[in-house]
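In order, the protein sequence lines correspond to chains A and B.
Heads up, the first sequence is in my numbering, so the first residue is 1 and it goes up one at a time.
Heads up, the second sequence is in my numbering, so the first residue is 1 and it goes up one at a time.
Honestly, the hints are just simulated from the structure, not real lab data.
Remember, predicted model here, so these are calculated numbers, not experimental data.
Among these hints, one or two may not hold up.
[Said to hold, decoys possible] Straight line, CA to CA, 35 Å or less: simulated DSBU-like cross-link-like pairs of lysine-lysine:
(1) B:K238 / A:K370
(2) B:K238 / A:K339
(3) A:K402 / A:K370
(4) A:K370 / A:K328
(5) A:K339 / A:K388
(6) A:K402 / A:K388
(7) A:K370 / A:K339
(8) A:K388 / A:K328
(9) A:K134 / B:K238
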Amino acid sequence: MQLSLTGAPGICPVAPDALQGIARQQTNPARWRGEQWPEFAAAVRAAGIELRESIVSRGIFATDAGGQAYGMSHGVVVARSTDQVAALLKVAQQFSVPVTTRGGGLTTEGESVAFGGVLLDMSGMHCVLNVDAKALTVRTQAGIFWHNLAEELRRHGLDYLSAPLNLTSSVGGTLGVGGIDVNSSKYGCSADQALSLQVVTPTGNIVECSDTENAELFQRVILGYGQFGVITEATLRVRSYTPLRMHYFYYSSLRTAIEDLQLIDRSEAADYTGILTIMDCAVNLLVAFDSAQREATFLAAWQPRLRGFGERGFSLRMLGHYALRPWKLREALCLLRRKGEVFPEFRRPEYVRDGLMHDRTVVFSRAVWKHWGNRQMVIPDLATSAEKFADAVERGSAVCRKYFPAYTLYLVGIRLRPEHAGHYEMSCVPPDAEGWAYGCEFEPIVGDAVYSRDYLQSFKNAIYDIGVDLGTSYYRFGGAMKGYIRRVFGDAVVDRHLAMKRQADPAMILNRDVIF
Amino acid sequence: MSDYLADAARCSGCGLCQLVCPAWRQSADVELTPLGRCKALQHGAAPAELATSLASCNLCGACEVVCPERIDLFAMTRALRGALLDAPPENSALVTRQIPPATRAARCMLVADAALRARPDTLARVLALLGGAVVAEDDGADIVAAIASGSPLAPEHIATFVSQFPAGTRIVVADGLLLRQPLPWPGGSEVLGLGAALGALPAVRDCLRTGDLYVIEPCAYHADYERQVVRYDALRIKRRCEINLDLQRIAIPAGVGTLPQAADATAQARWIVQGRQLERIVIESENDRAAFEGLGICPVLHLADVAVKG
Numbered sequence: 001m002q003l004s005l006t007g008a009p010g011i012c013p014v015a016p017d018a019l020q021g022i023a024r025q026q027t028n029p030a031r032w033r034g035e036q037w038p039e040f041a042a043a044v045r046a047a048g049i050e051l052r053e054s055i056v057s058r059g060i061f062a063t064d065a066g067g068q069a070y071g072m073s074h075g076v077v078v079a080r081s082t083d084q085v086a087a088l089l090k091v092a093q094q095f096s097v098p099v100t101t102r103g104g105g106l107t108t109e110g111e112s113v114a115f116g117g118v119l120l121d122m123s124g125m126h127c128v129l130n131v132d133a134k135a136l137t138v139r140t141q142a143g144i145f146w147h148n149l150a151e152e153l154r155r156h157g158l159d160y161l162s163a164p165l166n167l168t169s170s171v172g173g174t175l176g177v178g179g180i181d182v183n184s185s186k187y188g189c190s191a192d193q194a195l196s197l198q199v200v201t202p203t204g205n206i207v208e209c210s211d212t213e214n215a216e217l218f219q220r221v222i223l224g225y226g227q228f229g230v231i232t233e234a235t236l237r238v239r240s241y242t243p244l245r246m247h248y249f250y251y252s253s254l255r256t257a258i259e260d261l262q263l264i265d266r267s268e269a270a271d272y273t274g275i276l277t278i279m280d281c282a283v284n285l286l287v288a289f290d291s292a293q294r295e296a297t298f299l300a301a302w303q304p305r306l307r308g309f310g311e312r313g314f315s316l317r318m319l320g321h322y323a324l325r326p327w328k329l330r331e332a333l334c335l336l337r338r339k340g341e342v343f344p345e346f347r348r349p350e351y352v353r354d355g356l357m358h359d360r361t362v363v364f365s366r367a368v369w370k371h372w373g374n375r376q377m378v379i380p381d382l383a384t385s386a387e388k389f390a391d392a393v394e395r396g397s398a399v400c401r402k403y404f405p406a407y408t409l410y411l412v413g414i415r416l417r418p419e420h421a422g423h424y425e426m427s428c429v430p431p432d433a434e435g436w437a438y439g440c441e442f443e444p445i446v447g448d449a450v451y452s453r454d455y456l457q458s459f460k461n462a463i464y465d466i467g468v469d470l471g472t473s474y475y476r477f478g479g480a481m482k483g484y485i486r487r488v489f490g491d492a493v494v495d496r497h498l499a500m501k502r503q504a505d506p507a508m509i510l511n512r513d514v515i516f
Numbered sequence: 001m002s003d004y005l006a007d008a009a010r011c012s013g014c015g016l017c018q019l020v021c022p023a024w025r026q027s028a029d030v031e032l033t034p035l036g037r038c039k040a041l042q043h044g045a046a047p048a049e050l051a052t053s054l055a056s057c058n059l060c061g062a063c064e065v066v067c068p069e070r071i072d073l074f075a076m077t078r079a080l081r082g083a084l085l086d087a088p089p090e091n092s093a094l095v096t097r098q099i100p101p102a103t104r105a106a107r108c109m110l111v112a113d114a115a116l117r118a119r120p121d122t123l124a125r126v127l128a129l130l131g132g133a134v135v136a137e138d139d140g141a142d143i144v145a146a147i148a149s150g151s152p153l154a155p156e157h158i159a160t161f162v163s164q165f166p167a168g169t170r171i172v173v174a175d176g177l178l179l180r181q182p183l184p185w186p187g188g189s190e191v192l193g194l195g196a197a198l199g200a201l202p203a204v205r206d207c208l209r210t211g212d213l214y215v216i217e218p219c220a221y222h223a224d225y226e227r228q229v230v231r232y233d234a235l236r237i238k239r240r241c242e243i244n245l246d247l248q249r250i251a252i253p254a255g256v257g258t259l260p261q262a263a264d265a266t267a268q269a270r271w272i273v274q275g276r277q278l279e280r281i282v283i284e285s286e287n288d289r290a291a292f293e294g295l296g297i298c299p300v301l302h303l304a305d306v307a308v309k310g
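In isolation and in its complexed conformation, chain B is listed as follows:
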């Protein structure tokens, strides 16, 4: 857990985090930003006094990428949220899974979130594109919830979750928050976000075109920013599509994962499309579908569906 007071002490007040913070964009209230929280802590605020500010954060991780002091703002927010909890949640008993034979043979496993599971056709296409990937039985929702709430990550939960993956597997996660927290993934495994996995496939990538708005899932992108910014920028240039990146090449979130949305996702989506001539909106995360469909400006497709529709 972060020593949030020590982290906050390093904030010089430059305000770069404000520029990329969706909570600030919607509220124009510095108290709701990482800058506001750091400055408040420097002046003796207790976590309880920051409850509203902490609730406004959707953990998209953009602030951490731009912080010139390299403050671990994600961990800091988690730690502060954790300090608000009355008591740590009860741990469930350790369950070591028996990996079924089909899973044992899988070279790729998909950790699908609830939104993706709710669209079976899209899920099937994702699995096919990933070379016959197998859906992980445990979707890690409890771990995501713990990450979001600031609860300590129960070793038993983590052990249960990771025990379903055979060593050496390629693990693709739909919820980028799972990439924000170091987890003891099995040896030899490669863990990446769904967007990075699908976007690397020529069958998907080459179907993007001018008039597309490609909506990056921000958590996975910011978790691996230095590599992903180069990859997505190359994609944008090659396919001449629009991407939900701002001028700092930070992903503008509509919603984030399966979290309760503190910021108005529709207002965020409206800002993302503003001034753009679009024919299709291509989403990496099904969690973004409702916000963009609500705008009613053009079809919204999941990245996996683009390969089918072309």
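Chain A with its partners taken away, still in its complex shape:
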């Protein structure tokens, strides 16, 4: 007999067979036991590579942003050059020592946690190599954080196309996973801005690849979860920097807001779109523009079609709503408190002037770190086709309500590029999506409450299981989630990729526990 969370007999959501009818795969990677480590360490040092083995050095990387997977490497190497990375991988192949790469460590399922072997800290390769303002491209080392790249680009009046809203994701890590931004409905996922890459293959060869040069490797490395090589340099498309002209629309219905979001995306009526929920009954659709002309066109042609309210109108509406429902006073106070905390962050005078928001990534990222979620990033997600999105979000919301008193959602569209179909196979982009995919992150507001690891994992699994049921994909696929890979894509696709992986990485050393 199994016990449910409440202690009553029933299905336990964290039990091995909780997902009825679908065998659960082993998801916690086994620790590598250290065979031949001394010989490997000696060979690495003989190659002139600094290998750090102290508990202090290794402990820094014991967990990731998710804070649920913990593992200690046997040693840490800070990446300093492509040649050094290549030499390391050659020795690792020789001694069959696992190598786990890490950029900003912003994975949530332990993908960048080393359960033994070498932790390769890519943030050591953080230099911008060349900015071509005429061609609108930048060549950079891949360990650089997007924020540092933005700092360099801004000196040239430029900006990257899109990047995750957290400041400390690395370029290489993002290109290997996807990356979403509030302008992904226009530019696609962050990985789509890569024009070419320098990659060190798992066997230590240094290869330049792009859509026209070593295209197959390029396809496998982009959105490839680090399986087919270490990205050491990247050439990215960039654009001129522009401040944003922001508009906010407020909804009491999530589905209505999603429909309006998709209407704007389909119509290409805005440069930035996204939904951030404050509560289920207070949904914020943000719409923004790079130019006054685009803004004016939107206000004239599209705003009248939207069903959301402005801030004042919505406040009055909510006032009336709660006046008639005094028993919901606590919810109303919660809403007011949340508004009081979050709204000023988006109106700081050093960033917002004359209706323009400057340095939006800083504004959004700082607000996210301060006011969203908690110290552990518990943000399971679903990536779906446009058609399935509203259903997926509503089902996910129901799961959030079941597990937590308060939560927030972050929803964006991701424009798909048909020429990148090869990149998208077995990735966060759902196979049935056409035109746009949509992503939703479900983020509990934990505050000072304490939840067990099992409770949080159970919540995440309940979200992920919606994906299996609806046939969606996920942004966070690896680590503890690798059990979902076969459920979502089926054995044929996964086995084909596994065969490619075995060919490229004979000793299966590179990020070996992430998806296979």
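The hints should help you fit chain B onto chain A, whose structure is shown.
Relative to the frame of chain A, chain B by itself:
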């Protein structure tokens, strides 16, 4: 003193401190950052194992401003440095000053650091701009040194230092580190950094122009970040000058105060000017002069000198 283990336990590893840390910018080594120190402490590191990391910190205070967990990283670094000391330094005897008549009448006193004292003409202009301010006899160098080293602040030193200021005085400090530590300033006094004091004067502020790079002294700025970020941003917009702020509106340090420079100040200065078309570099702290003059790209002026040259 900070309970550094309790403080470190609050670090979630977000890495925002890394982005603004000059030691990380130059080394790309997370072990040299507040994040690295917190994580190391979480894994049982003793202060002695962090000695190299602690030595790399220039106490600019940028990390503390961006930390979403609001960890007092400045105090934590001081406490860890203090734990490395073999023994607390000997305290000097308490000396209560007799405030001279000229000082007693002063409405403004300037705590000039060694670099400013070394440039008498600039010092004279600063004093004139501050309305005939008087230079404090004790420049607090021993207190700054104690703050930097993590030594306990000897009450006798502090009493000696603050006793030179009459109550109700405006106290302007050249070394921003003096603003990072709560000191028992005389009642009714207003204490502020030299940049904030001079920059508030129209005679100085209005002489800034397009083509200027204004170099903020980072310690004083980060010590009063929430107010200063708004003030400096308004200055930047109004005077159309460049400022050594990054996209997070954190002051990028070249050097910091009178401390031994752990980070390469010239490399920092080179990063600050990169990609900017500059005609003048305007510094708040004389400690930054050498790094920017070493670049040889344009004249370097102290903020007080801008009012003269226009």
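Do the hints match the structure? See the list:
no. : hint            : verdict
1   : B:K238 / A:K370 : holds (30 Å)
2   : B:K238 / A:K339 : holds (31 Å)
3   : A:K402 / A:K370 : holds (24 Å)
4   : A:K370 / A:K328 : holds (27 Å)
5   : A:K339 / A:K388 : holds (30 Å)
6   : A:K402 / A:K388 : holds (22 Å)
7   : A:K370 / A:K339 : holds (13 Å)
8   : A:K388 / A:K328 : holds (32 Å)
9   : A:K134 / B:K238 : holds (30 Å)
In the structure shown, no violation is registered for any of the earlier numbered hints.
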